[in-house]
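Participant: Below, each chain spelled out in residue letters.
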Amino acid sequence: MAHVSNLIETDIEQYLKSHQYKSLLRFITCGSVDDGKSTLIGRLLYESKMIFEDQLAALEADSKKMGTQGEQIDFALLVDGLAAEREQGITIDVAYRFFSTDRRKFIVADTPGHEQYTRNMITGASTADLAVILIDARKGVLVQSRRHSYLVSLIGIKQVVLAVNKMDLVGYSQEKYDAIVAEYLEFAKQIGLTNITPIPMSAFKGDNITENSPNMPWYTGSPLMPHLETVPIAAENPDAAFRLPVQWVNRPNLDFRGFSGVITGGTVRKGDKVKALPSGKESTVASIVLDGEIDQAVSGQSVTITLADEIDVSRGDILSAAGSPPGVSDQFEATLVWMNETALLPHRPYLLKIGARTVTANVSAIKHKVNVNTLEQLAAKSLELNEIGVCNISLEQSVAFDPYTENKDTGGFILIDRMTNETVGAGMIHFALRRAQNIHWQAVDVHKDVRAAQKAQKSCVLWFTGLSGAGKSTIANLVEKKLYAINRHTYLLDGDNVRHGLNRDLGFTDVDRVENIRRVGEVAKLMVDAGLIVLTAFISPFRAERQMVRSLLEGGEFFEVYIETPLAVAESRDVKGLYKKARQGQIKNFTGIDSPYEAPETPDIRVDTTKMSAEEAADYIVKVLEDRGMLTGGTF
Amino acid sequence: MSSLTHLQRLEAESIHIMREVAAEAENPVMMYSIGKDSSVMLRLAMKAFAPGKPPFPMLHVNTGWKFRNMIEFRDQQMKELGLNLISYTNLEAQQQGINPFDHGSAYTDIMKTQALKQALDKYGFDAAFGGARRDEEKSRAKERIFSFRSANHVWDPKNQRPELWRLYNARKNKGESIRVFPLSNWTELDIWQYIYLENIPIVPLYFAAPRPVVERDGLLIMVDDERMRLKPGEVPEVKNVRFRTLGCYPLSGAVESNAATLQDVIQEMLLTTTSERQGRAIDHDSAASMEKKKREGYF
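First to last, the sequence lines map onto chains A and B.
Per our numbering, the very first residue in the first sequence carries number 567; after that it's consecutive.
Per our numbering, the very first residue in the second sequence carries number 1327; after that it's consecutive.
Because the hints were derived from the structure by calculation, they are not lab data.
Hints are supplied without guarantee of correctness; some may be wrong.
No farther apart than 35 Å at their CA atoms in a straight line, the calculated lysine-lysine pairs in the DSBU-like style are these [stated by the list, open to error]:
#, chain 1, residue 1, chain 2, residue 2
1, A, K1177, B, K1500
2, A, K933, B, K1405
3, B, K1565, A, K839
4, B, K1557, A, K947
5, B, K1379, A, K588
6, A, K583, B, K1443
7, B, K1379, B, K1443
8, B, K1500, A, K947
9, B, K1379, A, K1091
10, A, K836, B, K1379
11, A, K588, A, K933
12, B, K1500, A, K583
Counterexamples of contact, computed for chain B against chain A with all Cβ distances above 12 Å [said to hold, decoys possible]:
#, residue
13, K1405
14, L1411
15, H1429
16, Y1532
17, P1538
18, R1555
19, K1557
20, Q1593
As the structure is a prediction and not an experimental result, all values here were calculated from the model.
C-beta atoms are modelled at their ideal positions from N, C-alpha and C, and glycine is treated no differently.
This is chain B alone, in the form it adopts within the complex (with noise of 0.2 Å):
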């Protein structure tokens, strides 16, 4: 028997990290944000745990400000598969009104780490599955698959235990909870090819269709309903456009394209020449941002 392909190691070991989770914590979860990544996570629970159904909840944090055509998605999802979802939104923020429009980066903050925060805290979860890879970006690389948050959810970047072998140590002490990445080893195209070659489904965002969009700060936002405020002159304009990164519809840059099947995507990807995270705002602030969001607990 030849031996086995870069996509076989890969599923491999990451159903090899879900089912050690799965072993060795108390009260699991699994972080669901609907995008391609948690889509490819979330065949792969359903694959280690065949016949059965993933031991573990999925956790969506909601900051309200998803696509509609995500959340869609995500409930046709869990309704096919028979998994139980939990939805998380901080509300007492959104009670306050903050908002993606005045609150720039303090919303992200407040409506996506601090509600993560917030929901592992109020459901007393000790392991959370989040998709991240370290392909993203350079602080990432550095990060172990099993990644230790203090009680108040801080990441220690020096201070992280050696992982050898296929020897994951999941023991915590009192208050700690982890984060584990069971993609940490998939790039970008990996988690193309795997989509392809399983056939999962993805939201249709990812596919190209005329949509209402603003150029704005050199991003297409979408006009996805009617809360998006319009600055004067701006006027929606129909435009045959698809999302490479999906999250806030405010904050998610669209690109122009006619690529309307995952062959035309994937194409698109590697013929393109910017790279993935380039449509999220939350990027562009300074070289260290990312490592500084994940010490204070950004998944």
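So here's chain A without its partners, still in its complex pose (with noise of 0.2 Å):
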């Protein structure tokens, strides 16, 4: 790696001290497809010597094979790794590029600009400390320019390099520059971009890379590189409320408990007053270990601390500056940069990661979306792949937070799929929504224990879920008599005849479906807590749904009874005739046709009904609920 240094020859030691002291500054290039990014970032290995002989003979080699600039070196082939992408000729992912100067140690994070990728800027954006946008001077600014700037704001980078590249193709005209500096400024104002650092260049002829160049002698800044060495890095949130969120708790003796983590904001020095959070007690900093003890600790340093006090912290809590708490809220306003091909459904329960502490959570209600071209706000009942919402958030426990703007550590979240574990979307909270303070739940006497009781069982929901035409009401109804004429206290909640009053605005959107469980889930619960047993039959056709009403409900109140009936039976039998229609396209979104049914991969109860009358299903369910002991009051 020939870093060029005559240290390196003549003082060995010398030149490591000096290099022991180097800065690190993250940096994300953003363009539309054809900017030139990956040629910017190829001539910077290439500048900062960063390319080894072998690779540059390849390089060649390789500039030859595409044949992208003929006889040229094509500094993008350094670039675009995967064998698909080199031979599409385009970016598709996250890359992470590495060089390093006298001054400054660089990870470039390289994001693709096309439409669909938003997701991949914002990963890439995410732990940038600076931007460079790239605009091709012929084309000047882009409808993706905007974009990437736009998001570039949202993820909070705060210092922008605008950079005018290809001025070689439009005969280095400063008149054109001018323009398109100006244009993009304006524009930077209104999204709230304020530190942006113009320069015009061409990466593929290097041009204002390294040095000022020659062909463009009224540019009197400074070129890319020099800049990139010396713009200051603002440091991790230097003038914040000291953070440490749990990840960690080290008892590795009875002698010695420690706390460890990223400290994400502030300083924090021993004999500090701190405070655990969500459960406000307050300690002191006894000692802050890291290899060593040492006497104080900044943001960005991974440390564990002891306390003075032996206070109950664990995974997940937040240790804060006593004096200046991070809020504690179950309910957000927050801006949401979904990232899945399964769209957000408002109501759906997802897992919410932040900081260390993973809670359930779902989107209350989207407020509005974004155009990101545009700006503009649209209503919008779900987000799809790429799409940015403003949303509330419910968890279903309290967590500690601060504004995205303030810590992004510490205000910014990711939601994860309950079933497939993906990470779907990201967020970024705005402020706590004061309501959730003020309704707490009516703690009241005689309470559902004692009701069950009376009725001599234990209440629970039994959940029929199966095709349309599997017999869920037929055996539900079966089980209801059953249960009635042995005196027990049931109700049947019927999907039909819900939607004909509680559900009547909804129809069957993925959405509308989602939220027609939700009410059937709450109804339910609240039934359950009168001491019923109830009886629901709906098609519920996604795991995630019925998941969500159980965990509506406490351990062992849930039962999934699965109709487990083959499509081609219950079409066959199509007793209300909506097979039919629903080939004929009449209706749409009809669940097993055009619309997916998720089978229960473990229910509690199975009922094969090419096997078992609607009969003996009953009696076969009335003797599980017996067994399990659902038919016996506790005492009171």
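Each chain sits in its own coordinate frame; assemble them with the hints.
Facilitator: This is how it looks when you write it as structure tokens:
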């Protein structure tokens, strides 16, 4: 690695010492497909002497083979990684590149410019200190440039370089450059980007990369590389209050109990008063451990802290400056970027990870989505892949947080799909919704267990699920009759009946189906609280919603009853004539035909209707309830 | 207080990653290959859980053809640090006589890739730390820090989870496992600088010394034990050599060098003009070879 420095040859020790104190700048490059991002990064690697001779030889060979730049070296080939992409000639994911100079080490996130990859850009930008926004001097400020800039401002990057590239192709015209810069600055003001450094360049020819280009004597500012080497790095949240999200409780022996994590804001010293959130308990820092003991630690360091008092702190809690603790809430307004092919559905439960804490959460309302090209606010019922919306988020338990603009680590979160475990969304918290703090659950003296005991039963939900025509309603009806006959107290919530009243306003889109089940789940929960055995007969095609209802109830209260009937059998029965209509296209979104049914993987009760009559099935279900002790009351 | 140096930031990130895996995985393990990157990874693991010990074992996939010096170093390190090491060898293949002389790239697949999969399956490890860095080659540059493998240990580069901020989603589906790369953002120079700064012990083979070697296909191969098969006309010659990367001795190319101290080695690295992996015979196949190997489960 031919770092040019005489010190390497003459005094290697001195060289190493001087390089131990380099700083680190992480930046992203964003631009449209042909703005020359990969070429720019390849050029920076080349200019910083980070390319080995064998790599250069391979690059020259590749350049000839691919033939994209004639006989010239195609720097983009250095950067475009995966085989599939090289064939397509485009970058499809986030790639990280490394180079260093005598002053700084750099990590570049190369993020793609296509419309469909907002996800990747947000990912690359989330860890960047600076953004280089590329503009093709021939094309000027495009829709994509605006979109990239909006995303940069959204993710909170403060430093921007406006790289007006391909100046060689516009005759190094100052007039063209000035016009582009003026137009861009006007737009940047609207989205709150203020710290912008425009530089005219040609990554391909090497103009204004390391030295001021003789082709553009009118530009007297700093070339790109020197700018990147000297631009101040906003140290991680230097002015923020002390925050340490606890990742790990370190307890190697009875004498040591430490709380480990990265400091994500401020400074901590021995003797500082700290507060643990969400519990609110306070103590004093007894020691700070990083290898050995140190007296103070700053934002960005991974440390272990011991406290003077034995207060209860566990993974996911936040240690903070006692005088300026983060907020605690279970409801937020946040900007959400959707990152998955399966759309965001309001009220569907997801896992939310913030710091080291993971809780169940749902989007209770989408206030609006944002057209990233025009910044227009639009009404929305769901968010599709790469869409951005402002949402209300509701959590199952309170968490400690800061607004994202104050602290990215305690204000940023991801959403995880509970079934696929994929990361499906990224959020940035604006503020807590006050409402949450003012509504308290009303405690009552006559409670669920007493009410159920009075009825000589334990209250529960029998959740019948299966295809239309599987026999859910028929069997549920028989089960209810049999329970009634032995003096048990029941209520049957039937899908069709509920849709005539409570859910009259809902249709059959995925969004409405989720809301349908949510309401039924809440009603069933109230009835369980009333001490009843509740039977529900809904197709309820999505696992996530059945899981949502299960999570509303206490353990042992939810019985998933899978009425298993092959599609062909259900269709041949076609009691209500619905399959026929669906096949003819008269009914849209019909489960099993043009809308999916996700069969239960481990139902509590499974009934195969090709092997059991409805009567037998009902007897079987009652038997299961009896065996599980649901038909005997507790002792009160 | 001035802002952190690049090594401090890298260290903090790696430690954060290790703690996150220790907290979220059910049965994590650290791949210990005995090389310089493993030495750095091990030091970071010791720091992450100090004053305790890392809450996971070390796993060495032993092909049976590692340099003797590596095995000595490994055992000494583990003893000094008081760590639990699992050494795993694909015994079935070893009994069948699979060796680096007769079986070429199939050897690497069977004794390294397959052996690794067998070891992970045998012990039920659901997360394995690896010392790979993104600067090593192009396909690694796009790999996430938390990289998921299907039940068959296959990597799908088109279907990677976005990684934002410091938030890692370590949840996995049944049968899936995670390869975690805490050194993703380190470069070769960072590794050497950290070794220098922290005085981290490394295998003596990295330092030049007189060693018996033969020249073969442009590589200097060390005759480390009596199993080395000499071709007609090959006579071991003692040369002052050292190794830039370590692996199975019949596949590792040495370089002639007089760099006998850490400073000398770093100086030589900085002045040299051939990239690190050229000493590894497996990379010579094709441009996309590493990506293909990784899809199939090579670390």
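Participant: If a hint holds in the structure, say so; if it does not, say that too.
Facilitator: Hint check:
For the proposed pair A:K1177 and B:K1500, the alpha carbon gap of about 31 Å is at most 35 Å, so the pair holds. Between A:K933 and B:K1405 the alpha-carbon distance is near 60 Å, which puts this suggested pair outside the 35 Å criterion. The suggested pairing of B:K1565 with A:K839 is violated, with an alpha-carbon distance near 62 Å, which exceeds 35 Å. For the hint linking B:K1557 to A:K947, the alpha-carbon distance of about 73 Å lies beyond 35 Å, and the restraint is violated.
Taken as a hint, the B:K1379 and A:K588 pair is honoured in the structure, with Cα atoms around 31 Å apart against an allowance of 35 Å. A threshold of 35 Å between alpha carbons decides the hint, and for A:K583 with B:K1443 the separation of about 42 Å lies outside it, so the pair is violated. Restraint check for B:K1379 and B:K1443: the C-alpha separation of about 26 Å stays at or below 35 Å, so the hint holds. Taking the CA atoms of B:K1500 and A:K947, the gap is near 32 Å; set against the 35 Å cutoff, the hint holds.
Between B:K1379 and A:K1091, the direct Cα distance comes to roughly 47 Å. Violation of the 35 Å bound is thereby established for this hinted pair. The suggested pairing of A:K836 with B:K1379 holds, with an alpha-carbon distance near 24 Å, which does not exceed 35 Å. For the hint linking A:K588 to A:K933, the alpha-carbon distance of about 45 Å lies beyond 35 Å, and the restraint is violated. Our distance criterion of 35 Å between C-alpha atoms is broken by B:K1500 and A:K583, whose separation comes to about 48 Å.
Chain A leaves B:K1405 outside its interface by the beta-carbon criterion, the shortest separation being 19 Å against a cut-off of 12 Å. Under the 12 Å C-beta cut-off, the non-interface status given to B:L1411 relative to chain A holds; the minimum distance is some 19 Å. B:H1429, annotated as away from the interface, keeps every beta carbon of chain A farther than 12 Å; the closest lies near 25 Å. With a least CB separation of 16 Å from chain A, B:Y1532 remains clear of the 12 Å interface cut-off, as annotated.
Here B:P1538 stays apart from chain A, with its beta-carbon at least about 27 Å from theirs, past the 12 Å limit. With a cut of 12 Å on Cβ distances, B:R1555 stays outside the contact zone with chain A, its closest approach being about 28 Å. At roughly 26 Å, the least C-beta separation between B:K1557 and chain A is larger than 12 Å, which holds for a residue marked as non-interface. Its closest Cβ contact with chain A, about 4 Å, brings B:Q1593 to no more than 12 Å, contrary to its assignment away from the interface.
Consistency note: the structure conflicts with the earlier hints numbered 2, 3, 4, 6, 9, 11, 12, 20.
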